[in-house]
Amino acid sequence: MTKASDLAPSYDLVVIGGGPAGLAAAALAARAGLTTVLFDENPGVGGQIYRAITFSPVKDRAVLGEDYWAGAELAAEAKASGALIVTGATVWSLDPTRLVGVSIAGQARLIEAKRVIIATGSLERPFPVPGWTLPGVMSAGGAQTVLKAQGLVPNGKTVLAGGGPLMWLLAAQILRAGGKIDAVLDTTPRKNWLRALAHLPDFVLSPYFAKGLKLLREVRAKVRVIRVDRLEAVGDDKLREVVFGKGDNERRMPADLLLLHQGVVPNVNLALAAGVAHAWNERQLCFEPVLDEDFNSSVPGISVAGDGAGIAGGTAAAERGRIAAIAAVRALKPEASVPDLQIVRQKLQREAMGRAFLDWLNRPADSFRQPEGDTIVCRCEEVTARQVRDTADLGCEGPNQMKAFLRCGMGPCQGRLCGLTVTELIAAQRGTTPAEVGYYRLHRRAQPVIANLRR
Amino acid sequence: MFKRLAETGAAVAITVDGRQIAARAGDTVAAALIAAGIDHCRTTPVSGAPRAPYCLMGVCFECLVTVDGVGSRQGCLVPVRDGMAVETQTGKREAGR
Numbered sequence: 009m010t011k012a013s014d015l016a017p018s019y020d021l022v023v024i025g026g027g028p029a030g031l032a033a034a035a036l037a038a039r040a041g042l043t044t045v046l047f048d049e050n051p052g053v054g055g056q057i058y059r060a061i062t063f064s065p066v067k068d069r070a071v072l073g074e075d076y077w078a079g080a081e082l083a084a085e086a087k088a089s090g091a092l093i094v095t096g097a098t099v100w101s102l103d104p105t106r107l108v109g110v111s112i113a114g115q116a117r118l119i120e121a122k123r124v125i126i127a128t129g130s131l132e133r134p135f136p137v138p139g140w141t142l143p144g145v146m147s148a149g150g151a152q153t154v155l156k157a158q159g160l161v162p163n164g165k166t167v168l169a170g171g172g173p174l175m176w177l178l179a180a181q182i183l184r185a186g187g188k189i190d191a192v193l194d195t196t197p198r199k200n201w202l203r204a205l206a207h208l209p210d211f212v213l214s215p216y217f218a219k220g221l222k223l224l225r226e227v228r229a230k231v232r233v234i235r236v237d238r239l240e241a242v243g244d245d246k247l248r249e250v251v252f253g254k255g256d257n258e259r260r261m262p263a264d265l266l267l268l269h270q271g272v273v274p275n276v277n278l279a280l281a282a283g284v285a286h287a288w289n290e291r292q293l294c295f296e297p298v299l300d301e302d303f304n305s306s307v308p309g310i311s312v313a314g315d316g317a318g319i320a321g322g323t324a325a326a327e328r329g330r331i332a333a334i335a336a337v338r339a340l341k342p343e344a345s346v347p348d349l350q351i352v353r354q355k356l357q358r359e360a361m362g363r364a365f366l367d368w369l370n371r372p373a374d375s376f377r378q379p380e381g382d383t384i385v386c387r388c389e390e391v392t393a394r395q396v397r398d399t400a401d402l403g404c405e406g407p408n409q410m411k412a413f414l415r416c417g418m419g420p421c422q423g424r425l426c427g428l429t430v431t432e433l434i435a436a437q438r439g440t441t442p443a444e445v446g447y448y449r450l451h452r453r454a455q456p457v458i459a460n461l462r463r
Numbered sequence: 015m016f017k018r019l020a021e022t023g024a025a026v027a028i029t030v031d032g033r034q035i036a037a038r039a040g041d042t043v044a045a046a047l048i049a050a051g052i053d054h055c056r057t058t059p060v061s062g063a064p065r066a067p068y069c070l071m072g073v074c075f076e077c078l079v080t081v082d083g084v085g086s087r088q089g090c091l092v093p094v095r096d097g098m099a100v101e102t103q104t105g106k107r108e109a110g111r
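Residue numbers (the working numbering), protein chains in the order written: chain A, 9 to 463; chain B, 15 to 111.
Worth flagging that the hints you see were computed from the coordinates, not collected in a lab.
Heads up, a few of these hints could be off.
Claimed, not checked - Derived lysine-lysine pairs resembling DSBU-like cross-links, with alpha carbons at most 30 Å apart:
1) A:K67 - B:K17
2) B:K17 - A:K188
3) A:K11 - B:K17
4) A:K246 - B:K17
5) A:K188 - A:K222
6) A:K230 - A:K219
7) B:K17 - A:K230
Could you build the full structure based on these sequences and the hints that come with them?
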């Protein structure tokens, strides 16, 4: 176990996040001779896609699928590369001078980095429906996490709701593991096909096509799939039933567990805290960092790789990590040998095939991104959609001013679960665009940590 | 809500609010709570509503619990350890924890 006091005062490269982008970047840079440290706050490397890849108790490889187990090679390469890999290490601060604040087992350190690669990946898009704060409602990614890392599968009355490839993958994994799903409520609007259709040929030629069809068939053969345009979690102290409907039709279903998922978006907190410029992506309905072709950000020496650079998937993330690492090696040690950049770029380009179709097809409906009434938007400070909308009507123009009125985004999650919703609600209410409204300004201190001060 | 697929990890004894629960090596605190069927881990500082682990990947901060006397730890990031004492949290963070 690496302790905070074991770290050097300075490294050539600090990689933040141990998913595919971070693992690939650290491995390449360390092999090229850069002194490299990788920090990940989780108990093991792998990120979300390859979570618990080095210790998963799920031994039947068919359950999680071969795409999951491909992560083992990345983890092994990083381990063998000579990079120092530190898990259980929370990076709570990153500034434009590349001073990295990290906390390991309650001990904090500030270390210098000549280059930084932010590889903090994605998080699930907020899914603010009535009742989504009730115990018994969980993100689908959360259920996938405890399946991969602890071998836990849902066994009560379980409903999965939302859309997107990851929701279908989770459904299949739960079923293969012997878990039970009572219904899948598909919230994807049918009219998305209009925008998606133009990208169908490209999608059909991509590997996603065959994989996607197989997953859909696998799930549909075992579970009822119901299209809905309304969704509500109902309960007193915990979830009791799921209420859903389409048009005038309303149905109720008793449930112990409701799993929500409507796609993933870049986890922008650390990059924003470091001062990296971001822009709105209208196709993916999220903010993403502004980057050059080597994934360099607007802050010198700081790059962003992986899904944090814009959603492109796990295999693309590894290639992006390699490109960012090659740029770091060329900047610090031009004489070192690195893989052929053009070949990596070509691989990355191939990964983009089919993404446009998936993005347009799975774009969540406005009603599931821009809630109304008493639906909670900011879970930490318990701020409702009505409060945000009313305050926008009063003249509040942006999310930072909104904090002063309502405290939304000021709780421990620092806007991770409400930022996009608040931006979109303000834009909708004021008849402008999310690009115009902007996002929360974030503290340089990107994570709440308990300072271990000497008394 | 959840069952264990395989009892592969070694048993790890932790307490939650003084009650013994059977965790497994490889569990995080949040996963151990879920596996034990504990339906909420804290109440909110604003309205006192019950909350349970939501994202399990370190971003939502819903699984905040007190671990060995240190308050507001993210349960999904803390691996269980034999003899660990976990307490659920009520309302506001208490001074000194």
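Regarding the pair K188 (chain A) and K222 (chain A), is the alpha-carbon distance no greater than 30 Å?
19 Å, holds
30 Å limit on alpha-carbon distance, applied to hinted pair K67 (chain A) and K17 (chain B)
Holds: K67 (chain A) and K17 (chain B) sit about 16 Å apart, inside 30 Å.
Would the hint linking K17 (chain B) and K230 (chain A) be met if the CA-CA limit is 30 Å?
20 Å, holds
K230 (chain A) and K219 (chain A): Cα distance at most 30 Å?
Holds, at about 17 Å.
Are the Cα positions of K11 (chain A) and K17 (chain B) separated by 30 Å at most?
Given pair K11 (chain A), K17 (chain B) is violated - Cα atoms ~35 Å apart, limit 30 Å.
Need the status of pair K17 (chain B), K188 (chain A): alpha-carbon distance at most 30 Å?
Distance ~11 Å between K17 (chain B) and K188 (chain A) Cα, so the pair holds.
What's the verdict on K246 (chain A) and K17 (chain B), does the C-alpha distance respect the 30 Å limit or exceed it?
19 Å, holds
Violated hint for the displayed structure: number 3, the only one.
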